[in-house]
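Asks: So the protein lines, in turn, are chains A, B, C and D. full-length UniProt numbering numbers the first residue of the first sequence as 1 and each following residue consecutively. full-length UniProt numbering numbers the first residue of the second sequence as 1 and each following residue consecutively. full-length UniProt numbering numbers the first residue of the third sequence as 1 and each following residue consecutively. full-length UniProt numbering numbers the first residue of the fourth sequence as 1 and each following residue consecutively.
It is worth saying that the hints were derived from the structure and are not from the lab. Among the hints, a few may not be true.
[What the hints assert, rightly or not] Computed list of chain A residues with no C-beta within reach of chain C, every gap over 10 angstroms: (1) T166; (2) N296; (3) I422.
[Claimed, not checked] Computed list of lysine-lysine pairs in DSS-like fashion (alpha-carbon distance at most 30 angstroms, straight line): (4) B:K174 / D:K10; (5) B:K163 / D:K335; (6) B:K88 / D:K129.
[Said to hold, decoys possible] Restraint ranges, calculated between C-beta atoms of paired labels, are given here: (7) D:D25 / B:L83: 53 to 59 angstroms; (8) D:Q268 / A:D396: 39 to 45 angstroms; (9) A:S302 / D:Q268: 25 to 31 angstroms; (10) A:S403 / D:G152: 54 to 60 angstroms.
Ideal Cβ placement from N, Cα and C applies to all residues, glycine included.
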Amino acid sequence: MKMKKLAALAIAASVTAAPVMAELVIPDLSYRTGPYAAGGTPFSDGYQDYFNLLNARDGGIGGEPVRILECETGYSTERGVECYESTKGEGALIYQPLSTGIAYQLIPKTTADQIPLHTMGYGRTSAADGEVFNWVFNYPANYWDAASVMVNYLLDENGGSLDGKTLALVYHNSAYGKEPIRTLETLSEMHGFNLTQLAVDHPGQEQKSQWLQIRRERPDYVLMWGWGVMNQVAIQEAANIGFPMENFIGNWWAGAEHDVTPAGAAANGYKSLNMNRIDDLPVFAEISSLVHDAGNAAGDGSNIGKVLYTRGMYAAMLAAEAIAKAQEIHGVAQVTPAMVRDGMEALEITDARMEELGMAQIGPAFSVSCQDHGGTGFGIVQEWDAASGTWTALTDYIAPDDSVTGPLVTEDAAAFAAENNITPGCL
Amino acid sequence: MNAMADSYVTEDGRTIGGVLMDLREITLRFGGVEAIKNISFDIREGEIRAIIGPNGAGKSSMLNVISGFYKPQEGEVYFRGALRPAMKPYQVARQGIARTFQNIALFEGMTVLDNIMTGRLNYMKAGIIKQAIWKGAAEREEIENRAHVERVIDFLDIQAIRKTPVGRLPYGLKKRVELARALAADPKLLLLDEPMAGMNVEEKEDMSRFILDVNDEFGTTIALIEHDMGVVMDLSDRVVVMDYGRKIGDGTPDEVRGNQEVIDAYLGVAHD
Amino acid sequence: MSTDFLYLVEVLINGLMAGVMYSLVALGFVLIFKASGIFNYAQGVMALFAALTLAGIMEGQVPFAHIINAILGTNIHHFGWHVPAVLAILMTIVVMVGFAWGVQRFVFRHLVGQEPIILFMATIGLAYFLEGVGDLMWGSDIKTLALGLPQGGSRWLEDMTVGWGGDDFYGFYIDKLDMVATIVAILLVASLIAFSQYTKHGRAMRAVADDHQAALSVGISLNFIWILVWSLAGFVALVAGIMWGAKSGVQFSLSMIALKALPVLMLGGFTSIPGAIVGGLIIGMGEKLFEYTVGSLVGGATENWFAYVLALLFLVFRPQGLFGERIIERV
Amino acid sequence: MFYREAGDFKTSYAEDNQTFPIKFDRYRYWLVLAVAYLVIPFMINDYWANAIFVPFLIYAIAAIGLNILTGYCGQVSLGTGGFMAVGAYACYKLMTAFPDVNIVFHILVSGGVTAMVGAAFGLPSLRIKGFYLAVATLAAQFFLVWLFNKVGWFYNYSASGQISAPERFVGPFAVTGPNAAPWAQYMICLVFVTVCAVVARNLTRGTLGRKLMAIRDMDIAAEIIGVNPLRTKLTAFAISSFFIGISGALFFAVYLGAVEVGEAFGIQKSFLVLFMVIIGGLGSIFGSFAGAAFLVLLPVALKFVGSDLMGWPTDLVSHLQLVIIGALIMFFLIKEPHGLAQLWRVTKEKLRLWPFPH
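The following block holds chain A by itself, in its conformation from the complex:
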């Protein structure tokens, strides 16, 4: 990466609230340091590279160049707030913080400042209720969808019945890790399986107790909600106790290359969810030639095509499409955050459009509405092949059970609305 002299005197920029509207400003609240750097780096690379591709190939979006403001959060909420405050004055159009903690911070703040917030597959699940969370979007899927997709996949594997089976949930003992519990409890009543919960305290380097318990109780399946070092250790420990890897399924934040590589060959057969497909997409070639070869790569260029890189790029694509939609709705190229929100709410991602963008089938086709900010909730199950070092998709997009997640979303959103005096409604 080259030193890019951003000529703007940032003290002036961060003090004055009047943005110079010459371009589309996209902040990237990344984390390339700290305990979660291994996950943050490829996501941010993908996010930025895609916008750089748009700049290089199309001259931006709708003719307006994109300016990326990267701000390092180190996964800390306080630095996240600092980043938000220092970038929002520059006319930031959309935030994508990639941290549940920062997302919770920004939900009220972005709502008050009227800037859309996109928490893609993380953050507050009930933000799917667009009438309560007007400015927050979490399409294409959320944690409760993920839990339901996992169970649906297992139902399918077991001929439609999980009756009498035991599922163990190994989760990061935090707000993030506790997300799927309620959904899984509801599902366990519905399908008659037993649910064992095993909490792992932050950071999760010592999981001997949890895995000894799994070894004793021999659950049929182990589901995992992990992030950071917890993932690598859990996969290693599962291999150590000889737990069959094909029965061990992580969520989509526990299914990247760096999660499995430290365990080496022992990780072979580990499964995880994904909200996006990880094929060798044509768009990567374009990024390689137009962005990386031009010396504009966001990182060292080594992450292209990886799971989280692809997801970051997917997030950027969804943002770019929403901006384009906003330009179309309002008929101006230089959109405001409020217009981008309208674009997001009217977003429609079709298979044809994804094909056209060189990323066919990267996600499910979905559309957003005022009521539903959550997308379809579809997910695929992928499997790790240690020999070739690749993830392969085992399934097509699997649908969650909306009859289960829907009421939970409505209930939680209503509670939030009551606590914060929000009258649900469309803008």
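Position chains B, C and D against the provided structure of chain A, taking the given hints into account.
Replies: Quick look at chains B, C and D alone, frame taken from chain A:
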């Protein structure tokens, strides 16, 4: 509690009153070692009482028993006529017993003034809320006690170092500040553990003068430990002599000087 | 034997094994504290740095590649060679000795005689510094240590013991890595003790630990001894980094293993090498047992705090720790 | 030349006792207050409030609290994060249980609750000393965080386990919630900081302060001159925790608005506040401010210089940031082991003699 029950007047005109503290059959053990063996003696109001003896005789242990830092296994302590129940050292201090230490125990991080003010702690009653508000009760109390402390400062002639952190003072001055801290408490009984250790002749003379003046002007009862026999004999009204944890002599300086056992102990005659 | 009892035994054994892993980290603390009275907060980061350096050297990574590329606009990352493990370990030890020299030369030589809390604070500064340098030198991605350490439960032991219990007993589980760690810990402690008993420098080290002034007066160079001690702590950090890194890959979180060593130190005493081992065993066993018996009743994930509570309870009855030097209060 | 004490005679003990005995210092103190109250509120915007002033003021309260315990009483504590969490969760429970009561009372009561919890965790300090105590307080840290994470009652059984602050008002002005104006957030923190600093100064200048310092400097001697060590240590824990509880409540309600206990009040927070106290200066109220300012401003300043001015990659900047902060801490300790406050005092003494250094 013995023959000299009534008050009398000394040659230099000071009045020695009745018994202030009475120690009866004190025995103190550390594990198997008996540091103090069945010792009894008393301290009378207004007198200067010295405890002497060779190294390791148990003098400091005795002082620690009086100030409540050590709890004797046997024996009773009577203070102002009443049996003293088992007490923590800070409770003893609140009864009006103040002391100095053999190895100076000042609060090195605080100024001289603050160190001496700690001597007034037991007189300052403002609660936390009042202290937090400061204006009013707490400030008034602070100023009253400050005035008292200033008198002690004047008395010991240490005005110039009031605001100096104690850590920066030379040894002799530290000893004086420690005395000031103990004096500030207006003690009924003042315990001095080797007040002149490590001092040159001139400093010793100064210190002796202060001790006599304290006794004379404030009428403070003083019990002291000292090695320098000359100083002890000049200063004290009565002397207890200890050796190997036992009491081997007790009486006026002249009486003690004539005691054969004391002479033996000091000349190093072998024990049986 | 009943299955429940066998599982209890298994939990206890695994607790002991986990305890050995904690002890490996605690040893480094003890070495430095004993010789210089410095409570070295940076020990965890040293483990991270040592493991990063080892992984980086083995992979043939270019140190500071990122910053070099940023300044010169180049695009270099690897030398293109792989260094054999033994050679890489030796090179890492050299780096850690150099680090020890630097720490002594630039920091602690100027802080001789300061209060313990100031020294502690300086090691915090050191921790920040070293963490930043580690990231700059080797990057912040997760690295795999290919040292070929065995991992996974011992099948042999499982087969041996599977018949002891009922149908729901699957034999004892012991991680092979833990067994290696135990052997390494024994060797490490034995060689540390041998070093301090039978070599000139070792005896000098003990003399310094006993009394700085006395050691100085017989002509021992404190400066040299402290460099030696920091080097030894660096070596212990490397061992701990390898062992922990084998499980999780070498990554930032490795620096947090220091938090697992603190209750061990409390319990074993800051100045005792045997204490670090025994303390580790007690903590490991205690926390696993608590998680096994009580943890599931209160929602689990109790280990982190219970280790501290256990050490705390212990300290209330023995304030200087298990093997710590007795605190004598005098006036 | 300006900085003179000659001719500034004190004629009463009250005058001699005041916080700033030198006239020039007094003027500067009033000037700082005037700027803080009369100028900054009119200039402040979201960025300066949320990224700089509000965290600085809140950390200053926490640092004052910890300084009372560690700097004045000599008890090193690493439980600050846990105690801040107690303040935050107490405040959340109070805010949701009694929505009609003014937030200021909630914050004060949160401080009170934290004081009680702090005193309870201070009990072992009677037996355990030095670094052993520091490590022992980590038990409080880990246990409290685990507790708030585990027991649903504390977060009103919300699905995620996060707590978020509803909108509350002081008079007609919102001080919590997303619609609070930056000046209102700033002002409520400023008022709390001012009161806390004055109270802390009053508590440490008189009897209690001397008791604490006596325990710190030599606990046995302190006991023999009449200080009850248990009571004094517990008082120190309680008062310290009171301030820390207030800072935790403000941290949650005013600054972040939504927190998750492990992330916001984890072990890193305990260390951070301890760093502030040591870097600022143990046993100095001013030092608490200096330390908080140093550790809040430095990363922002370095980020500004590195990323915004020089345009370096963000990850490089944050790695360099660690290196620079670490090196600066060591450099300061070598130059002045007693913290920024002492550095300031030394500078003042030099100024006093200037321009005649001898």
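Asks: Could you run down the list of hints and mark each one as holding or not?
Replies: Each hint tested on the structure:
1. T166: holds, 13 angstroms
2. N296: Since the minimum Cβ distance to chain C is about 12 angstroms, A:N296 lies beyond 10 angstroms and the statement holds.
3. I422: holds, 32 angstroms
4. B:K174 / D:K10: holds, 26 angstroms
5. B:K163 / D:K335: Status holds; Cα separation ~25 angstroms.
6. B:K88 / D:K129: holds, 20 angstroms
7. D:D25 / B:L83: 53 to 59 angstroms: holds, 54 angstroms
8. D:Q268 / A:D396: 39 to 45 angstroms: For A:D396 against D:Q268, whose Cβ atoms are near 43 angstroms apart, the range 39 to 45 angstroms holds.
9. A:S302 / D:Q268: 25 to 31 angstroms: holds, 30 angstroms
10. A:S403 / D:G152: 54 to 60 angstroms: With a Cβ separation near 25 angstroms, A:S403 and D:G152 fall outside 54 to 60 angstroms, so the hint is violated.
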